[in-house]
Amino acid sequence: MKKLCLIDGYGFVFRAYHSLPPLTRADGMPISCVYGFCNMLSKFLSNDKSDYLAVVLDSGKKNFRHDIFPQYKANRPQLPDDLIVQFPLIRETIEAFNITSLEADGYEADDLIAAYASDALKQGMEVKIISSDKDLMQLVCDNLKLSDPIKNIEIGEEQVVAKLGVKPYQVADYLALIGDSSDNIPGAKGIGPKTAIELLSKFETLDNIYANINNIEKDRLKNLLIESRDIVYLSKDLTNLKRNYNIDCDLDELKIKEPDNEKLAKYLYEQGFKSLVSKFIKEKTTSLKLTQPERNENFIKIEKLSEIKRHIEQIIREGKVGIFDNGNTFYFSYGNSNYEIHYSNNSRQESFLESESINYNDIVKEFKELFEATYVLKIVINVKELYKKLYCLNIELKAFDDIAQISYSLETGKHSCELNDLIRVYLGEEASHNSVTILRIYDNLQERLLHEKQFYLYECIEKPLSPILAKMEIKGVKVDGTFLKNLSQEFKLRLSELEKEIFKEAGREFLLSSPKQLGEVLFTELGIKGGKKSKSGTFSTGADILEKLSDQGYDIADKILVWRQFSKLINTYTDALPNSINPKTGRVHTTFMMTLTNTGRLSSRDPNLQNIPIRSDEGQKIRKAFVADKDHLIISADYSQIELRLLAHIADIQALKQAFHDKQDIHAITASQIFGVALKDVDSNLRRQAKTINFGIVYGISAFGLAKRLDISQYEAKDYIDKYFKQYPGIKEYMDETIEYAKTHGYVKNLLGRKCYINSINDKNYSMRGFAERAAINAPLQSGNADIIKKAMVHMPESIQDCMVLQIHDELLFEIPGNKLEDYSKVIKRVMEGVCKISVPLEVEVHSALNWGK
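In terms of the numbering used here, the sequence shown opens at residue 1 and continues consecutively.
It is worth saying that the hints were derived from the structure and are not from the lab.
None of the values given here were measured: they were computed from a predicted structure.
Accuracy of the hints is not assured; some may be wrong.
Here are the computed distance ranges between Cβ atoms for each label pair [as the list claims (entries may be wrong)]:
1. GLY676 with VAL161: 30 to 40 Å
2. GLU396 with LYS516: 54 to 64 Å
3. ASP662 with ARG229: 49 to 59 Å
4. GLN664 with GLN620: 19 to 29 Å
Even glycine gets a Cβ: it sits at the ideal position worked out from N, Cα and C.
All chains should be built: construct the whole structure from the sequences, respecting the hints.
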């Protein structure tokens with residue numbers, strides 16, 4: 001059976017217009033709608049198997065419906081100017097794709113679709129209409145279906161009944177009865193969908209309703225129908241599609257035709273859609289190669305600073321420049337020209353050049369006008385590092401795009417954002433590290449931001465966050481080195497005491513940090529049962545092994561675990577942090593990593609300040625070393641239970657949402673429900689266990705994992721989890737649906753649209769797959785938390801941004817003037833709580849002190 005496909009053209013147009021941010025050509029012509037239309041058309045064509053195809057459009061002129069009812073569609077607002085100017089381009093787009101377009105004065109697109117579809121059905125064809133418009137649902141029959149292009153679902157008779165409550169042949173009568181406010185169709189006064197469905201269910205058609213008007217029992221309804229008869233039949237003339245339009249075009253003229261690659265490529269390039277060419281066009285013709293020249297990769301060496309000046313004006317005219325700095329060579333590319341400058345960073349000004357010694361600072365000063373120009377786009381990688389270098393030279397970088405951040409916004413966690421990996425992923429070939437490569441990757445990425453709806457994430461969160469983090473790194477956080485050294489001595493004294501106690505129980509001294517020696521002592525010399533040897537022949541002495549021994553009553557295992565904790569605190573913090581204090585500033589200047597995690601979370605290194613313990617007394621002591629400068633205070637502002645709040649919102653858990661709205665103690669409520677005690681009888685121990693359950697569920701914890709954390713049997717743990725799911729119906733459904741979505745798509749999304757890739761979600765290895773499933777459950781929550789706090793950082797007033805010193809997951813740390821405490825605290829709380837509106841309130845706890853410790 002031959003197949004005809006009819007596309008509701010303006011259905012595509014309006015979806016494209018409302019789903020994309022504004023986009024203009026180089027000449028200022030709006031083209032966001034055209035760009036979206038191209039993508040939607042291409043996506044459809046790549047999957048379509050039709051024999052005949054047409055895009056059907058409205059002519060934009062009044063039609064016969066206006067003749068019989070002048071108020072038809074009179075309530076619709078005027079179309080935006082930036083949309084109207086794109087209509088001619090839409091027609092050009094259809095022509096460029098070599099698709100027939102249909103439109104006729106006096107008729108709407110829906111009437112043309114109805115006429116062509118009816119003719120095709122008479123010829124024994126199968127018809128598919130690409131639209132979800134309810135007006136077209138009256139056409140649905142055995143060989144005619146609608147297809148929703150966004151939801152990617154087929155609409156047959158069953159779907160029409162499910163959506164409207166009536167069968168397809170009743171749709172026009174149904175709309176005539178209830179009216180259609182979007183088209184200003186009046187309908188019967190006082191009759192709504194429910195009544196219309198009941199009438200059509202009983203009498204089947206509008207004519208039968210009026211033929212049996214005296215059989216309608218309810219007097220009010222009967223009178224309404226009688227009074228509205230004329231207007232109802234007028235409405236029927238408006239809702240009924242005209243299938244008898246005289247078709248001038250033979251259906252054979254709608255046969256699918258291959259696009260002319262050269263013509264299509266030329267059109268796409270004229271619109272500025274360069275990256276779409278390789279995506280849409282598989283065959284590369286000779287003419288196409290001429291249209292799409294490869295970027296020139298030959299670099300001209302600049303040997304004198306004076307030569308730079310003549311390029312600045314040309315770059316400003318071009319409006320865009322790619323920049324790359326590899327540590328000894330500064331590359332820049334604009335138009336089809338590429339230049340390199342070798343430089344030295346050291347005080348002796350040694351250079352690779354014989355003619356002149358050039359220093360990096362001198363180079364960037366020459367580019368000052370360019371860097372600060374808002375009308376020249378700078379394409380770079382790792383913009384934060386460049387921003388810091390320029391900031392220290394009193395140059396503020398403006399108008400930039402970072403290819404690593406764009407890639408991360410598109411595919412968080414899918415691959416590394418190091419330049420080598422970006423080359424592999426987006427270019428698929430070896431390429432040098434220079435400004436041409438930066439621009440080539442950028443060409444592949446920029447339009448994907450719009451097409452994949454990640455523009456907001458990049459433009460409004462990741463991009464503006466870079467300068468903020470750069471300034472935080474420059475400012476640093478003040479750390480009391482003397483306090484840490486004293487604390488280190490305190491910890492080492494405790495470590496020494498533990499060693500003596502351990503050696504006494506072991507019967508001899510040995511190297512505690514050696515797993516081999518520790519294993520021999522525990523399992524050979526002391527004869528403790530349960531030792532397992534690794535492939536290397538040594539006993540395993542990991543935390544899980546020691547925790548089991550501790551549970552069995554072996555005191556030595558418990559002391560070894562404590563010894564390891566103190567050892568880690570000493571090596572990671574109390575001994576290491578003083579070495580990270582800059583002697584000139586007295587501060588620690590960490591580096592925030594923006595593209596490293598799988599969820600959008602920031603991480604930090606040199607040193608890592610993200611994992612300083614908070615729950616233990618020792619962790620709190622370490623935090624006291626982070627102090628405020630003279631006449632300043634430390635403000636700590638952290639979101640309260642934000643991941644549980646996000647879970648309540650995303651999974652629509654009514655009980656949780658109500659508890660948060662009522663400002664109830666979530667952990668106490670959970671304890672009361674699961675442990676079967678009155679709320680007033682929940683003690684600190686039960687609350688602690690409930691807290692473990694609440695946050696464990698967020699991370700997809702298993703019965704085994706919960707049993708281990710609470711020191712209970714797996715049977716009890718499973719019972720707790722089952723009770724939890726019963727208490728909060730919807731959470732299990734959310735977890736299952738999230739895992740299934742991840743398996744199907746390879747990623748999950750957070751509430752701001754970030755795609756977090758779960759790379760092992762379909763792994764054959766059970767353990768790897770289980771880990772990935774738990775990550776999938778938690779990713780929308782952890783990722784949502786990360787983007788909310790990053791958005792809050794961006795939305796802070798600049799005066800408060802300048803006081804930010806650290807971000808630790810759901811907490812922001814500020815060092816503020818003491819006399820601004822009250823004012824700044826209120827603003828910080830207001831911004832953080834109001835930056836993202838969800839169905840439960842976000843709450844922020846604000847504390848202030850001379851140090852970070854609480």
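Hints, one by one, checked against the model:
1. Distance hint check for GLY676 and VAL161: the Cβ-Cβ separation is about 47 Å, which falls outside the suggested range of 30 to 40 Å.
2. A C-beta distance of roughly 56 Å is found between GLU396 and LYS516, which places it inside the suggested range of 54 to 64 Å.
3. The beta-carbon spacing between ASP662 and ARG229, approximately 53 Å, falls within the hinted interval of 49 to 59 Å.
4. Between GLN664 and GLN620 the beta carbons are some 27 Å apart, a value that agrees with the proposed interval 19 to 29 Å.
Of the numbered hints listed earlier, the single one contradicted by the structure is hint 1.
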